[in-house]
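Sequential numbering from 1 applies to the sequence shown in the working numbering.
Hints listed in this document are in silico derivations from the structure and should not be mistaken for laboratory results. Keep in mind that the hints are not guaranteed to be accurate.
Said to hold, decoys possible - Between beta-carbon pairs, the in silico distance windows are:
no., residue 1, residue 2, range
1, S47, K20, 21 to 29 Å
2, S47, R117, 28 to 36 Å
3, E118, K20, 17 to 25 Å
4, D3, E27, 12 to 20 Å
5, D33, K90, 18 to 26 Å
6, T56, K90, 12 to 20 Å
7, F32, Q102, 34 to 42 Å
8, R114, Q6, 18 to 26 Å
9, K123, L54, 29 to 37 Å
10, H99, F36, 31 to 39 Å
11, K90, I48, 23 to 31 Å
12, R117, Q15, 23 to 31 Å
13, G87, Q6, 22 to 30 Å
14, V44, G71, 15 to 23 Å
As the list claims (entries may be wrong) - Below 30 Å or equal to it, Euclidean Cα-Cα: the simulated DSSO-like pairs (lysine-lysine) are:
no., residue 1, residue 2
15, K20, K30
16, K94, K20
17, K123, K20
18, K20, K77
Ideal Cβ placement from N, Cα and C applies to all residues, glycine included.
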Amino acid sequence: MADDLQRKGMELRTQLFGEKAAKAGHEYLKDFDEDFANFLNEQVFGSIWTRPGLPTKIRSFITMAALMALGRGPELKIHMRGALNLGVTKDEIKELIIHLSQYSGVPTAVEAIRTLREVTEPKAK
Numbered sequence: 001m002a003d004d005l006q007r008k009g010m011e012l013r014t015q016l017f018g019e020k021a022a023k024a025g026h027e028y029l030k031d032f033d034e035d036f037a038n039f040l041n042e043q044v045f046g047s048i049w050t051r052p053g054l055p056t057k058i059r060s061f062i063t064m065a066a067l068m069a070l071g072r073g074p075e076l077k078i079h080m081r082g083a084l085n086l087g088v089t090k091d092e093i094k095e096l097i098i099h100l101s102q103y104s105g106v107p108t109a110v111e112a113i114r115t116l117r118e119v120t121e122p123k124a125k
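Whenever a hint applies, use it, and build me the whole structure from the sequences.
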């Protein structure tokens, strides 16, 4: 069963983040602790994200909302990229930020705006 969850987890991560980023993220955690990396891949991506009942796009929104409310900018950036890969639009993410600003506060919204800009607006060269 663990091997099946590992496979499902990597498939979901690849769908979200692309093959290169999915593998790099897993390897980064494996360098810290292989058991921990495998546990997260199995439980978070192989089990929770793949449960029936909610489409992946909705799970992506939920994850972005939680990360925004918690002020977890680096992880929010990763999941904003993932959401865009799933077909979520920039305008939908903007609406999420506006909506959540009333529940998590303006400072978290401003940080999320910065993060969205980093993801969607390439820096001028």
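Here is how each hint holds up against the structure:
For the pair S47 and K20, the beta carbons lie near 24 Å from each other, so the given range of 21 to 29 Å is met. Roughly 33 Å separates the CB atoms of S47 and R117, a value that falls within the hinted 28 to 36 Å. For E118 and K20, the Cβ-Cβ distance of about 19 Å falls inside the hinted range of 17 to 25 Å, so the restraint holds. About 18 Å separates the C-beta atoms of D3 and E27, a value consistent with the hinted range of 12 to 20 Å.
At roughly 36 Å, the beta carbons of D33 and K90 sit outside the given window of 18 to 26 Å. Between T56 and K90, the C-beta spacing of about 18 Å keeps the proposed range 12 to 20 Å intact. A C-beta distance of roughly 37 Å is found between F32 and Q102, which places it inside the suggested range of 34 to 42 Å. For the pair R114 and Q6, the supplied restraint of 18 to 26 Å is violated, since their beta-carbon distance comes to about 34 Å.
For K123 and L54, the Cβ-Cβ distance of about 35 Å falls inside the hinted range of 29 to 37 Å, so the restraint holds. Distance hint for H99 and F36: a CB-CB separation of about 34 Å, consistent with the stated range 31 to 39 Å. K90 and I48 have their C-beta atoms about 26 Å apart, which keeps the hinted 23 to 31 Å range intact. The hinted window of 23 to 31 Å between R117 and Q15 holds, with their beta carbons roughly 25 Å apart.
Range check, G87 to Q6: about 26 Å between beta-carbon atoms, so the 22 to 30 Å window is met. Distance hint check for V44 and G71: the Cβ-Cβ separation is about 20 Å, which falls inside the suggested range of 15 to 23 Å. Between K20 and K30, the direct Cα distance comes to roughly 15 Å. Compliance with the 30 Å bound is thereby established for this hinted pair. For the hint linking K94 to K20, the alpha-carbon distance of about 27 Å falls within 30 Å, and the restraint holds.
A hinted pair counts as satisfied when its Cα atoms are at most 30 Å apart, and K123 with K20 qualifies at roughly 22 Å. Simply put, K20 and K77 have alpha-carbon atoms about 16 Å apart, close enough for the 30 Å limit, and the pair holds.
The structure shown violates the earlier hints numbered 5 and 8.
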